[in-house]
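Trainee: Residue numbers (this note's numbering), protein chains in the order written: chain E, 241 to 554; chain B, 3 to 255.
Honestly, the hints are just simulated from the structure, not real lab data. No experiment lies behind these values; they were computed from the predicted model shown. Wrong hints could be hidden among the right ones.
[Said to hold, decoys possible] Examples of chain B residues lying across from chain E (beta carbon under 10 Å, computed):
(1) S109
(2) H111
(3) A164
(4) L165
Beta carbons: idealized from backbone N, C-alpha and C, even for Gly.
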Amino acid sequence: MNGRQAANGAIWIALLTMPWWMNALGGYTELGTQVVVLALTAMALNFLLGFTGVLSFGHAAYFGLGAYGVGLTIRYLVPSTPLGILVGVAVGTVAAAVIGALIIRLRGVYFAMVTIAFAQVFYFIAFRWNKVTGGDDGLISWTRQPLDLGFARIDILHNAIAFYYLVLVLFALAAAIMALLLRSPFGRTLLAIRENERRARFLGIPVELHMWLSFVISCLFASLGGTLYALLNNFVDPRALHWNMSGNFVIMAVLGGMRSFWGPLIGAAIFVVLQDYVSSMTENWQSFLGLFFVLVVLFFPRGVLGVLRRRAVS
Amino acid sequence: MSLLRVENVSRHFGSLIAVSGVSLVVEPGELRAVIGPNGAGKTTFFNLISGFFPPTKGRIVFDEYDVTKLAPHRRVKLGMARTFQITEIFPELRVRENLRIPVEVASGHRLRPWLSRDADEEVRARVSELLEMGGLTGHADRLVGELSHGDQRATEIMMALALKPRLLLLDEPTAGMGDQETYNITQLIRRLHKDQKLSIVLIEHDMRVVFHLADRIMVLAEGAVLAEGTPDEIAKNEQVQAAYLGNVQEKSA
Ligand SMILES: Nc1ncnc2c1ncn2[C@@H]1O[C@H](COP(=O)(O)OP(=O)(O)OP(=O)(O)O)[C@@H](O)[C@H]1O
Ligand SMILES: [Mg+2]
Numbered sequence: 241m242n243g244r245q246a247a248n249g250a251i252w253i254a255l256l257t258m259p260w261w262m263n264a265l266g267g268y269t270e271l272g273t274q275v276v277v278l279a280l281t282a283m284a285l286n287f288l289l290g291f292t293g294v295l296s297f298g299h300a301a302y303f304g305l306g307a308y309g310v311g312l313t314i315r316y317l318v319p320s321t322p323l324g325i326l327v328g329v330a331v332g333t334v335a336a337a338v339i340g341a342l343i344i345r346l347r348g349v350y351f352a353m354v355t356i357a358f359a360q361v362f363y364f365i366a367f368r369w370n371k372v373t374g375g376d377d378g379l380i381s382w383t384r385q386p387l388d389l390g391f392a393r394i395d396i397l398h399n400a401i402a403f404y405y406l407v408l409v410l411f412a413l414a415a416a417i418m419a420l421l422l423r424s425p426f427g428r429t430l431l432a433i434r435e436n437e438r439r440a441r442f443l444g445i446p447v448e449l450h451m452w453l454s455f456v457i458s459c460l461f462a463s464l465g466g467t468l469y470a471l472l473n474n475f476v477d478p479r480a481l482h483w484n485m486s487g488n489f490v491i492m493a494v495l496g497g498m499r500s501f502w503g504p505l506i507g508a509a510i511f512v513v514l515q516d517y518v519s520s521m522t523e524n525w526q527s528f529l530g531l532f533f534v535l536v537v538l539f540f541p542r543g544v545l546g547v548l549r550r551r552a553v554s
Numbered sequence: 003m004s005l006l007r008v009e010n011v012s013r014h015f016g017s018l019i020a021v022s023g024v025s026l027v028v029e030p031g032e033l034r035a036v037i038g039p040n041g042a043g044k045t046t047f048f049n050l051i052s053g054f055f056p057p058t059k060g061r062i063v064f065d066e067y068d069v070t071k072l073a074p075h076r077r078v079k080l081g082m083a084r085t086f087q088i089t090e091i092f093p094e095l096r097v098r099e100n101l102r103i104p105v106e107v108a109s110g111h112r113l114r115p116w117l118s119r120d121a122d123e124e125v126r127a128r129v130s131e132l133l134e135m136g137g138l139t140g141h142a143d144r145l146v147g148e149l150s151h152g153d154q155r156a157t158e159i160m161m162a163l164a165l166k167p168r169l170l171l172l173d174e175p176t177a178g179m180g181d182q183e184t185y186n187i188t189q190l191i192r193r194l195h196k197d198q199k200l201s202i203v204l205i206e207h208d209m210r211v212v213f214h215l216a217d218r219i220m221v222l223a224e225g226a227v228l229a230e231g232t233p234d235e236i237a238k239n240e241q242v243q244a245a246y247l248g249n250v251q252e253k254s255a
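Bound conformation, chain E alone (with noise of 0.2 Å):
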């Protein structure tokens, strides 16, 4: 058994094992279901960020679009969490597929400047569409359904260890999808995309194709974060769809290291920590988390994954 694998071993025992150990540490379940969501979507921006190296300020609007997309199936449509989960995702991928075709030639900053436009254009439709979305006052009056499978019921509404486990389950499921395509044909012509566009371009792979594929694969599972997220909650509002969401994400990716797979997922739990106990001591917890982040970046670049495994190396 190699470093890596010890190190994969010990972080799906750590999730498998979270109810136990939270409680134990003083946390409550929620707070590490919050965790797992936030870090699948740290790590769906991540698989953009770090293994592409295309620079998304946007994945608020497919986070967002992924949350209000289960809030509304399940408040005006079919009181069904599974559906709702899908038709979240599904808003969200579309919403990126013809997002992504339009700007996906654009690089660098002007890409992320254009990202973080459409965001806030989802964010003042789900601000300013009151009748529906509930407005600056949040979609209410909605719960997460209990899953019917057909020989049992489970109750993810009142049992947040059972809602816990539905949320590990469709985290372990993206987080293997986007293992095996980053070290499948296609994902190495995505690191080679981050590595040298040119190089890529003039080794026989469209570019614009393969950046585009891996935003929309990036924001279909960012929408399935916020589906999550949205039921986490049993609520919405368009704080979902802010830039601030969206800037959360990428303090998470860079905190954990943009580099690492898990990266972002040390990231979020980093975050949530920091946002639970910072805050409940001051108003300024944003604050905290800004000085955290800058001296994160300035003395480990590489994240806090990165640093242990240069450690580990040495």
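Chain E is already provided as a structure; the job is to place chain B with the ligands on it using the hints.
Mentor: Chain B with the ligands in isolation, oriented as in the chain E frame:
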């Protein structure tokens, strides 16, 4: 049937005419050199052939296809591969991965989310073969960004070869190399040309390399063709001596 026909291409950058009415025909199995002083338009000419940007005027025909406006990756698919004057590689990937990527692209795997065991074996075998040919086997698991300049350039050539091209465009492959490295690369190019009958167009400043390898030489100056012929003809051409070779001899003296 010629492999590549460049017909009267020009390329303007604003008021600058970088390439002006240049034609070139490459027959299968031929090794052509393009020489000329700095800023003559050699690299621009390569950029036109490989599709970096389209020509302002003229036509490019590869293997009977009009590729004048074709995207670079489509030209690769037709069988063109190139290297760059300033090395273009994937610095933070291992040498093995640098080669694996073009091998997979050439095998039609680039969109696959996984490979069958057989396909994977085939890819690995081809990568080992390329490592061996480029003298890179000992460096296979190092990050290519950590290699010497010469090994990086060798890697880039092997990446182009991984595409199994029918036409290889090499932009100053020996630039910045020591004598031993230059010799190795020259021998490699010679083997590709003589043994594998690969068609090659070579931009090169080192006249020893050019005269050793080329079947025919084209001399560019200020964007236009100054002379064209066999190495002997070019060596005797007075215009070329005056405009270019004289300079080189002065420089190296
Ligand atoms: N993309 C570009 N935009 C504007 N001008 C360019 C561009 N590419 C090349 N040029 C100009 O075109 C002319 C020819 O440049 P080119 O690089 O083709 O010369 P070269 O023969 O390859 O020279 P060298 O031996 O130094 O590599 C130069 O004056 C150069 O500045
Ligand atoms: Mg040049």
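Trainee: Each hint: holds or not?
Mentor: These are the hints, each one checked on the structure:
The restraint placing S109(B) at the interface with chain E holds, with a minimum CB-CB distance near 8 Å, inside the 10 Å limit. With 10 Å as the threshold, the beta carbon of H111(B) comes within range of chain E, its nearest partner Cβ sitting at about 4 Å, so the hint holds. Restraint check, A164(B) versus chain E: the minimum CB separation of about 8 Å is within 10 Å; hint holds. Among the interface hints, the one on L165(B) holds; its C-beta lies about 6 Å from the nearest C-beta in chain E, closer than the 10 Å criterion.
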